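S.K.: Go by the hints and put chain E onto chain U.
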Amino acid sequence: MAKYKMHVLVCGGTGCHASQSDLLLDNLKTIVADKGLDNEVQVIATGCFGFCEKGPIVKIMPDNTFYTQVTPEDAREIIEEHLIKGRKVNRLLYVDPENQEHIADSKHMGFYKKQLRIALRNCGFIDPENIDEYIARDGYEAMAKCLTEMTPQQVIDIMKKSGLRGRGGGGFPTGLKWEITNRSVSDIKYVVCNADEGDPGAFMDRSILEGDPHSVIEAMAICGYCIGGEHGLVYIRAEYPLAINRLKIAIEQAREYGLLGKNILGSDFSFDIELRYGAGAFVCGEETALIHSMEGLRGEPTVKPPFPSVSGYFEKPTNVNNVETFANVPVIINKGAEWFSSIGSEKSKGTKVFALAGKINNVGLIEVPMGTTLREVIYEIGGGIKDGKKFKAVQTGGPSGGCLTEKHLDVPIDYDNLIASGSMMGSGGMIVMDEDDCMVSVAKFYLDFTVEESCGKCSPCRIGNKRLYEILDKITQGKGTRDDIDRLRNLSTVIKDTALCGLGQTSPNPVLSTIDNFWDEYIEHVTDKKCRSGQCKALLQYFIDAENCVGCTACARNCPVNAIAGERKGIHVIDQTTCIKCGACMEKCKFNAVYIK
Amino acid sequence: MANIKLSAEKLDELKAICKSFKNDKGELINVLHKAQGLFGYLPAEVQEVIAKELNISVAHVYGVVSFYSFFTMLPKGEYPVSICLGTACYVRGAEKVIDEFKRILNINVGETSPDGKFSLACLRCVGACGLAPVVLVGEKVYGRVAPDGVKDIVAEYTK
Chain U
1 MAKYKMHVLV CGGTGCHASQ SDLLLDNLKT IVADKGLDNE VQVIATGCFG FCEKGPIVKI
61 MPDNTFYTQV TPEDAREIIE EHLIKGRKVN RLLYVDPENQ EHIADSKHMG FYKKQLRIAL
121 RNCGFIDPEN IDEYIARDGY EAMAKCLTEM TPQQVIDIMK KSGLRGRGGG GFPTGLKWEI
181 TNRSVSDIKY VVCNADEGDP GAFMDRSILE GDPHSVIEAM AICGYCIGGE HGLVYIRAEY
241 PLAINRLKIA IEQAREYGLL GKNILGSDFS FDIELRYGAG AFVCGEETAL IHSMEGLRGE
301 PTVKPPFPSV SGYFEKPTNV NNVETFANVP VIINKGAEWF SSIGSEKSKG TKVFALAGKI
361 NNVGLIEVPM GTTLREVIYE IGGGIKDGKK FKAVQTGGPS GGCLTEKHLD VPIDYDNLIA
421 SGSMMGSGGM IVMDEDDCMV SVAKFYLDFT VEESCGKCSP CRIGNKRLYE ILDKITQGKG
481 TRDDIDRLRN LSTVIKDTAL CGLGQTSPNP VLSTIDNFWD EYIEHVTDKK CRSGQCKALL
541 QYFIDAENCV GCTACARNCP VNAIAGERKG IHVIDQTTCI KCGACMEKCK FNAVYIK
Chain E
1 MANIKLSAEK LDELKAICKS FKNDKGELIN VLHKAQGLFG YLPAEVQEVI AKELNISVAH
61 VYGVVSFYSF FTMLPKGEYP VSICLGTACY VRGAEKVIDE FKRILNINVG ETSPDGKFSL
121 ACLRCVGACG LAPVVLVGEK VYGRVAPDGV KDIVAEYTK
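Here the protein sequences come in this chain order: U and E. Residue 400 in the working numbering sits at position 400 of the first sequence; the count goes up by one each step and never skips. Residue 8 in the working numbering sits at position 8 of the second sequence; the count goes up by one each step and never skips.
So that you can see chain U by itself, here it is in the shape it has in the complex:
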């Protein structure tokens, strides 16, 4: 390999890619070549750095300079100033919002200070399309160690001792799952990687596959060795073209290097991986549904037991783990179970990746030790609420989770604490909401999602969720009654108790948690017919302030239903019975005379 003096790392994740990071990469490469620096400077695209809010990101190594919001046009200045003259381009550095100082090194940025990157260790460091870079960072060392020095049971023991739990949401101990699949007797066994990331607002699995695909491949092979299986399958969403492409390249490279295929590293262990594509069905994240989908069927779940570890893909024992879970495995083998279990809280070991999004200053992908509090995540890493608004809630666990409030901010985040607070870990989506968000509407939004994604096999989920949605809709239309809230609660409990799979059993969570935590808001909607955040259109009324109205007639002329009466230069009045609350008058008024109440 050529020895470069400097490396320019450009984020090639989906977020930055959408902001023209591909063009930026091309520009950097061309200019480096023009200046004759190709032997000294290497320009590569890496996986996600996590700080999507400030993308596209460019990092210069070895001096660790972190440039934000870099446009393709900035390429020349970075090369001429920084690479050639050694002067940092100040205007592209991150500005600390507290003291307005420019920060060059990401280590000193609030966003990165509290993070500990294990699953994301290589994202943003290596070129995901080059296996040598992965190997240079101890890649495939764990697999070699397992195949040459350890028995499957010894590896399983390490996994059990490490305390790693499934990162897809359920939190089932990974080592135990491997052990059960290992004990199942069969001629063929399968290792499946669940990359059907369906939670809206969660994108950690995709970022890992885009930024560090080899870590998943290596872990799947280790898992195959432990359970006694030779076949690996990755079930991945067809909506992730970039991740699919990088994974394909990585599999191909691993085969060339003899790290996949027959008799890996001269051992008698053989293992290979195939891809299976999802086709847009949230329920396929559930492992039995996922297996049916891989078999070419409708992705409907079946009753467990039998668990897939006993009878799964084509009725053979199948070990299903999530992408992030796999990404942790090689490090655990390399650094040991004690090291891993020293991180995190009592019952949840290691770290968790969260996709921080919504009304927060620093949107992005973060990884923190289990046991970090929500306050640290939202205010220290996330940089607080956007536009200085007031924090209202944070939704975790996606459509299966719940909304947590101010009183939960100091709860250390782990599997058990989140469940005790009425939400769940889920795959790690974390959506922050501010005072402008109506919690009844948020519950309705999630139910809309569940209704659309319900597979229809069991009636509690198919019919029950539809009814929940209808009641919520009625409340947001201002037609709800006090009894409706009780009805929501009762029906939710029944659905939770009777639905067939994880999707139905958790779908009422957003409703229950918003009722519990935002009782006042529900009451306001049904008794006072008011929505304090102004989101429920039907509950708003538009008025014209007589003091500010100059009688310009702009509102009346733009009203699509002629609900506004008034003479030129006279005060205008809105007829509440005709008004359709479209807001056109408010938009057109130049004198701030229109207000909502």
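Since the hints were derived computationally from the structure, they do not count as laboratory data. All values reported here derive from a predicted model rather than from experimental measurement. For each residue, glycine too, the CB sits at the ideal point set by N, CA and C. Careful, some of the hints might be misleading.
Distance ranges between label pairs, derived from CB positions [to be verified]: (1) U:Asp387 with E:Asn55: 54 to 62 Å; (2) U:Asp187 with E:Lys140: 44 to 52 Å; (3) U:Asp187 with E:Lys117: 53 to 61 Å; (4) U:Asp486 with E:Asp152: 46 to 54 Å; (5) U:Thr71 with E:Gly138: 20 to 28 Å; (6) E:Met73 with U:Lys248: 25 to 33 Å; (7) U:Ser267 with E:Asp152: 54 to 62 Å; (8) E:Ser7 with U:Glu80: 54 to 62 Å; (9) E:Val109 with U:Glu406: 45 to 53 Å; (10) U:Asp410 with E:Lys117: 31 to 39 Å.
M.R.: Same frame as chain U, but now just chain E:
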């Protein structure tokens, strides 16, 4: 459903797709992905051919096609517009963006404009939450789309 006739050439291509997956019924979803890539959508005729090649019932194929939101039996517009309705985009105002697209294109979600130029769809999370709300036209991603920016996006494709 529009009654289209498959040309002999397309029919051969479709059969070749099935064959590349060894006519294995377990590969149905992969076959459908490739077929949709070829035709842009999956009309009844295509499903019938696939059923015959894979030796399964048409009902089975239709059952799978109708189950997954990625598969469509209606042709999409020349410029398919997809608005992300993931939670991050939702709380940052994606609904208003949808309303504006509906108003300007004069079609509902799931429909294609009469001239076949635009179709409108919602999707769940493309994972570019830092750019919320996000709109896709074909493969091109537009980030931080405000309702009053919609007309500019549409204008790009109506020149």
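S.K.: Please go over all the hints and tell whether each is borne out by the structure.
M.R.: Tested hints:
no. : hint                               : in the structure
1   : U:Asp387 with E:Asn55: 54 to 62 Å  : holds (60 Å)
2   : U:Asp187 with E:Lys140: 44 to 52 Å : holds (49 Å)
3   : U:Asp187 with E:Lys117: 53 to 61 Å : holds (55 Å)
4   : U:Asp486 with E:Asp152: 46 to 54 Å : holds (48 Å)
5   : U:Thr71 with E:Gly138: 20 to 28 Å  : holds (23 Å)
6   : E:Met73 with U:Lys248: 25 to 33 Å  : holds (29 Å)
7   : U:Ser267 with E:Asp152: 54 to 62 Å : holds (59 Å)
8   : E:Ser7 with U:Glu80: 54 to 62 Å    : holds (56 Å)
9   : E:Val109 with U:Glu406: 45 to 53 Å : violated (36 Å)
10  : U:Asp410 with E:Lys117: 31 to 39 Å : violated (53 Å)
In summary, the structure is inconsistent with hints 9, 10 from the numbered list given earlier, while agreeing with the others.
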